[in-house]
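Chemist: For reference, the chains in residue letters:
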Amino acid sequence: MAQACGPTTMPLLWLRVAVVFYAAGLLYALALMSRRAEQFSRIILPCVGLGMVFHFVSLAEAAVLEHLTLASIHYSESLLAFMLMFFFMVIRILYQTSSPGIFVFPFVFLLTFASATGQQPPLFLGSPLLKSGWIFTHIAMIFTGYAALFLSFGASLLYLAEERSLKSKHPNGILSRLPSLQTIDDIGYKSLILGFPFMTFGLIAGSVVAQAKFGPMYFLDPKVLLSLLMWVVYMMLLYTRWNSGWRGRRAAYMATFAFVAAMGAWAANYFSGVHRFLAQ
Amino acid sequence: MNFLLIGVNHKTAPVEVRERFAVSEQQLPEAVKHLAAYPGVEEGLIVSTCNRVELLARTTNGTTDLRGFISQHFHIDPKEIEPHLYEKREQEAIKHVFRVASSLDSMVVGEPQILGQVKEAYAIGRAVGAVTSQLDALMTRAFAVAKKVRTETAIATSAVSVASIAVELAKKIFGSLKGKHVYMVGAGKMIELSARHLIAHGAGRIFVSNRTSDKAIALARKFNGEAIPFEQLYETVDRADIVISSTGAPHFIFRREHGEMFLARRKNRPMFFIDIAVPRDVDPKVNDLDGMFVYDIDDLQAVVSSHVTDRQREATKAETIVEQEVERFIARLQTLDVVPTIVSLQEHLETIRQAEIDRVRGRLGSLSPEQELAVEAMSRGIINKIMHTPITTLKTAAREQEATTVVELVKRLFNLRDDKERAKSTGAGDPGAQG
Numbered sequence: 001m002a003q004a005c006g007p008t009t010m011p012l013l014w015l016r017v018a019v020v021f022y023a024a025g026l027l028y029a030l031a032l033m034s035r036r037a038e039q040f041s042r043i044i045l046p047c048v049g050l051g052m053v054f055h056f057v058s059l060a061e062a063a064v065l066e067h068l069t070l071a072s073i074h075y076s077e078s079l080l081a082f083m084l085m086f087f088f089m090v091i092r093i094l095y096q097t098s099s100p101g102i103f104v105f106p107f108v109f110l111l112t113f114a115s116a117t118g119q120q121p122p123l124f125l126g127s128p129l130l131k132s133g134w135i136f137t138h139i140a141m142i143f144t145g146y147a148a149l150f151l152s153f154g155a156s157l158l159y160l161a162e163e164r165s166l167k168s169k170h171p172n173g174i175l176s177r178l179p180s181l182q183t184i185d186d187i188g189y190k191s192l193i194l195g196f197p198f199m200t201f202g203l204i205a206g207s208v209v210a211q212a213k214f215g216p217m218y219f220l221d222p223k224v225l226l227s228l229l230m231w232v233v234y235m236m237l238l239y240t241r242w243n244s245g246w247r248g249r250r251a252a253y254m255a256t257f258a259f260v261a262a263m264g265a266w267a268a269n270y271f272s273g274v275h276r277f278l279a280q
Numbered sequence: 281m282n283f284l285l286i287g288v289n290h291k292t293a294p295v296e297v298r299e300r301f302a303v304s305e306q307q308l309p310e311a312v313k314h315l316a317a318y319p320g321v322e323e324g325l326i327v328s329t330c331n332r333v334e335l336l337a338r339t340t341n342g343t344t345d346l347r348g349f350i351s352q353h354f355h356i357d358p359k360e361i362e363p364h365l366y367e368k369r370e371q372e373a374i375k376h377v378f379r380v381a382s383s384l385d386s387m388v389v390g391e392p393q394i395l396g397q398v399k400e401a402y403a404i405g406r407a408v409g410a411v412t413s414q415l416d417a418l419m420t421r422a423f424a425v426a427k428k429v430r431t432e433t434a435i436a437t438s439a440v441s442v443a444s445i446a447v448e449l450a451k452k453i454f455g456s457l458k459g460k461h462v463y464m465v466g467a468g469k470m471i472e473l474s475a476r477h478l479i480a481h482g483a484g485r486i487f488v489s490n491r492t493s494d495k496a497i498a499l500a501r502k503f504n505g506e507a508i509p510f511e512q513l514y515e516t517v518d519r520a521d522i523v524i525s526s527t528g529a530p531h532f533i534f535r536r537e538h539g540e541m542f543l544a545r546r547k548n549r550p551m552f553f554i555d556i557a558v559p560r561d562v563d564p565k566v567n568d569l570d571g572m573f574v575y576d577i578d579d580l581q582a583v584v585s586s587h588v589t590d591r592q593r594e595a596t597k598a599e600t601i602v603e604q605e606v607e608r609f610i611a612r613l614q615t616l617d618v619v620p621t622i623v624s625l626q627e628h629l630e631t632i633r634q635a636e637i638d639r640v641r642g643r644l645g646s647l648s649p650e651q652e653l654a655v656e657a658m659s660r661g662i663i664n665k666i667m668h669t670p671i672t673t674l675k676t677a678a679r680e681q682e683a684t685t686v687v688e689l690v691k692r693l694f695n696l697r698d699d700k701e702r703a704k705s706t707g708a709g710d711p712g713a714q715g
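First to last, the protein sequences are chains V and A. Just so we're aligned, residue 1 is where the first sequence starts under my numbering, counting upward by one. Just so we're aligned, residue 281 is where the second sequence starts under my numbering, counting upward by one.
Rather than coming from a laboratory, the hints here were simulated on the basis of the structure. Source: prediction; values computed, not measured. Some hints here could point you the wrong way.
[Said to hold, decoys possible] Simulated crosslink set (PhoX-like; lysine-lysine; CA at most 25 Å straight-line): (1) A:Lys547 <-> A:Lys565; (2) A:Lys451 <-> V:Lys167; (3) A:Lys458 <-> V:Lys169; (4) A:Lys458 <-> V:Lys190; (5) A:Lys451 <-> A:Lys313; (6) V:Lys167 <-> A:Lys458.
Let the hints inform the model, and build the full structure from the sequences given.
Modeler: Structure (C-alpha cells):
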C-alpha cells in the first residue's frame, strides 16, 4: 500500500523486512541440490520462519491501522503469501518435510515482493461494502482456497518429477531428498480436499455481494466467469482423483489447468468491472 | 604415547579364528581388567564384535608384547594365529582406532553399528578403571573423528545389497512399508531374502504363489503368509503393493495389459514390481504405465553399483579426514608431554622470586604502593624473560619429536622434580601429566 499517509508505512516496512528473509527461501531449491542439504536447510528455514513473523506483524498492523482494507491488491497479495506460508508450516509439522518449500518459497517471495514494492493505488477504500461481513468472508475463504490449490498444484508437479526419476531407474540427486511419492500424493490430495469447501463458500459469498450490488448481470464479468471455470476444473480434479485415483501425469495436467484458471481469475482483478466498481 | 594395538578382523581372519577370541559382553569387564593389569600395560581397552577382536593398550615403555596376554587370557598359542594377527603401534594404532570408529574398516563401510560398539567398549574400559588418561583422550578424539566423518561425508547414507536397494526404492514409493502387502511369485532363495528384508521393514500381508504349490505353501508358512494357487495369480496379484517375481518362466508373466488391468482394479494406486528373474518375468513396458514401477535385476544392480562408487569417493574423503585428525591428535599429545615440565619450571622460578622478595623486603623499609608495584613488576619481568626461551624451545621440541631430550635437559638445568612425583603430589588432573 503505497499511500502517502503515515500509518501505512510501518506495515510496509515490516513487509519489506519479511521480503528480505523470504529471499533466503529462494536459495532453498539450490540448497536441496547440494550435498550439504541439511546444513543449508538449517539456516534457510529459520530465516523464512523469521520472515513469517515479520509478515504477520505487517498484516496485523495493517489490519488494525486501516480497519481491514483487505481488498486492496497489495494487501491481498501479502495475505495470500501468508496463507501459503501457513500451509507450508502445517505440512512441515504434519509430514516432517519442508520440500514444498521448493515451489512455495519462490511464489511467496514474488507475492510479497510485488506487494512491498508495487505502486498501485488501493482499489477501494471507504466503500461501505467493505465493512460488510460477506466481503470479508469472500476474501478470506477464496484465499484459503487459492493457497490450497497452489499447494496441490506444486505437489502434483513434485509427484510427477519424482515418478519420472523413479521410472528412469536412476533415482538420485535432488529427488533423493524428496519425501516418498505417497507422502507427496497425500499432501496434494489433502490440500485439494481442504481447499474445496473454502473455494466454494468463498465464491458463494462473492456472488452474494455482487448480486446485491450489481443485480443478476454480475456473472458476465470476466473475473466471475474465470472463477467459475476454475471452480469447475477444481471439482473435476477432485472427482477424478476420488473416483478413479488419478495421480501423476493426468493429475498434474488437471492441476496445472486449475491453477492457470485461478491465476486468470486473480489477474482479472486488473480488468474486472465487478472488482473495480467497488472502488468507485 | 606408547600406543599398541593387536587384533584380528574380518579381513585377516576367518570366523573360526575370530570366534576363539570373542569376548562376550559379560566377560568383557573381567578381560579388560586383566589386560590393564598385564605387566607393562598402563591402560587397556578391548573391542569385541562379530567382525573383530582388538586389544588396545598404552604400554609403559613401548616394548610390551601383547601376544603373551593373548596366550595367557585366551589360552591360544600365538604362533597358531600369528598369520591372522595385526599389530600396530603409535601413529598407526591411532589411525586404526580412528578408522574403526569411523566405520572405514567395517565389512560394510559406513555401517553405523560399529561406533556404538566401540563406545560400549570404551564405557566398560572406563568403568573398570582401565581407561584413564591418554587412552581416554584417544577414544574421545576417535568419537569426534567418527562424527566428523559422518557429517562431512556421505559415507553413511547409502545402502548396499540388492535386497536393501529394493527396500529403499519401495520406501521411496510408499513411504513407510507398514501395511503394504507383498506378493511373491516364485519360491526361490533370492525371493525369500528380498521378502525377508521387506518384512523386516514392516511390510503387511504376505502372499506366495508358485507353480509347484508345495513350495509356495512351505514358504508361506515361513512368513506367516498366504499361499495362492498359481492359476489365480492374475486375479489376486493386485492385492499387493509390492510384487517380487522370480520364476523360471521363459517369457514374460506380467505384460502391459496385465499392468493396465491391475491399475484399473487398484484405482491407480501405485504398484512396485521387483523382477529378479533371468529371463525376466515382467515386461519392461509395464514401467511405462503411470503408477507402475518395474525394476529388474540389472536396474537394481545399477543402483547398487552407483551407491558403491559414491561410497568409494566418500571413503577417500573420509580417509583424508582421518589422516588429518591423526596428525592433529599426535601434535596435541606431544604438546601435552611438555606441559608438566613447563608448569614446574614456572612454579620453580616463581618460588625463587617470592623467596627473594621476602628476603629483601625487610631491608627496603616502608615502600609506597607505587614502589611495591614496581618491585613486583621488575622481578616478574626478569623471570618471564628468563623463562621465555626455555618454554619456546620446549614447545617447538614437542612438535619436532625430540621432547624427551629437551625435557630432560631443562629438568637438569633447573633442578626440577620428576614429572611423576609432581603429578602424584598435585593429584594428576590432566591426561598429559603422566606422559
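Chemist: Taking each numbered hint in turn, which are not upheld by the structure, reported in ascending numerical order?
Modeler: 5
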